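Trainee: Numbering (this note's numbering), first residue to last: 234 to 655.
The reader is advised that the hints may include incorrect statements.
[To be verified] Ranges of calculated distance between the beta carbons of each label pair, as one might list FRET restraints: (1) Ser-361 - Ala-591: 24 to 30 Å; (2) Ala-592 - Pro-489: 20 to 26 Å; (3) Ala-244 - Ala-496: 25 to 31 Å.
Hint data in this document are derived by calculation from the structure and do not stem from the laboratory. Predicted model, so just to flag it, every value in this text is computed and none were measured. Where is the CB? At the ideal position from N, CA and C, for every residue including glycine.
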Amino acid sequence: MQQCSVHDVEARVLDAIDAAETVNLLAEAVRVPSVTGTDAESDLQHHYARLLTGLGMDVDVWKLDLGDLAGRPGFPGTEAPRTEGYGVVAVTEGEGVPALALQGHVDVVPTGDLAKWEGSDPFAARISGDVLHGRGACDMKAGLVANLAVARAIHRAGVRLVRPLAVHCVISEEDGGLGAFATLERGHTAEAAVISEPTSGTVITANAGALTFRLELAGRAAHGATRQEGVNAVEVFWPVFEAIRRLEAARNSDVPEVFRGNALPYPIEIGTVRAGDWASSVPDLLVAEGRLGVRLDEDPAAARAAFEEAVARVAHPWLRANPPVVTWPGGQFASGRLPAGHELLGEVSRAVADTTGAAPVEAAAPYGSDLRLYTAGGIPTLHYGPGDVRFAHAPREQVALGELLAVTRALALLAVRRCGVR
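Whole structure, please, built from the sequences with the hints as guidance.
Mentor: Here's what the structure looks like:
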């Protein structure tokens, strides 16, 4: 009899998910240009705090002390200039520590060349058929909205949970994880967490890490007409670049089974290159910035050392006398993974299978995320969310609305089952 009652409660919660309302909530979110570090990031945090308060949840909204956080052990680093930031955590009624936290970040990356966007407005939230287009639609406002829709459905269905459900809305994931770090430092926790990053229907139980590096290579300036009197910093960079590619191949020669199907789970890439200040001069400085993939369970310090050694070993007479300078600014993402055998994987898989009819595949992701901060903080965590990460950070960014609703239903079922009902 009790089992039937639980099934009835689950059905009520699933029926309380309003598809049109959820899509509108996503469109509304995409229209807020919450590029990491901007005022719009704070605007969206306050907006979600109001929505969650309206659901009767206990909402903690606080202004981050940026200076204090930067001085704490484990500070993850930042890349975007930021003058303020806010944390938002909402918790339902219930006994003890939240049985589940649903986490998502409100910040998005910059838009890039506006001419590459159809309609030239990346924040228009254009809907074509079953797809919503726009910056942040995939990474990860669809996942964030799914989390909010779960809390709204539970509230609307009149369901009271035995143990609390928490919703964490964080900032600054894109440039290091400051928001997640601040949330954990404030003392917010849970028995388990799902970060609804885009996973294309799979369950991501592990993340590689990513460390931002900067390379500075000196040349010797000269007039372009007498270039043989100088040393071109672009030319001396090339053997360094080739050494980086060799290091990348070596670090990807033996990868864990969880990365099956991914030929390059630990990529190293140069993202920006700047050299010279005059067209008719030999450039005397090149600055290159990029990201170094961190292997699962690898100490970031060991990854940095391997990179620095590979750069230092480059056999070039000019570089031996003028060694490249390697520094590590910006975001520093360690790797992270769900503890082996943890029950959360099975719970999520059953919720997905029961709502979609197909069990998800377990996989790992080649990028860093807030997962590593939550797992390091003692919260078993995985990713499951709407969207295909190949659309993230691109002018074709989009998310399928059917996938948004499917994930919302699975997470709602997970929340009811894990938290229990009165």
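Trainee: All the hints need checking, so say for each whether the structure fits it.
Mentor: To see whether the hints hold, each was checked on the structure:
no.	hint	result
1	Ser-361 - Ala-591: 24 to 30 Å	holds (26 Å)
2	Ala-592 - Pro-489: 20 to 26 Å	holds (21 Å)
3	Ala-244 - Ala-496: 25 to 31 Å	violated (43 Å)
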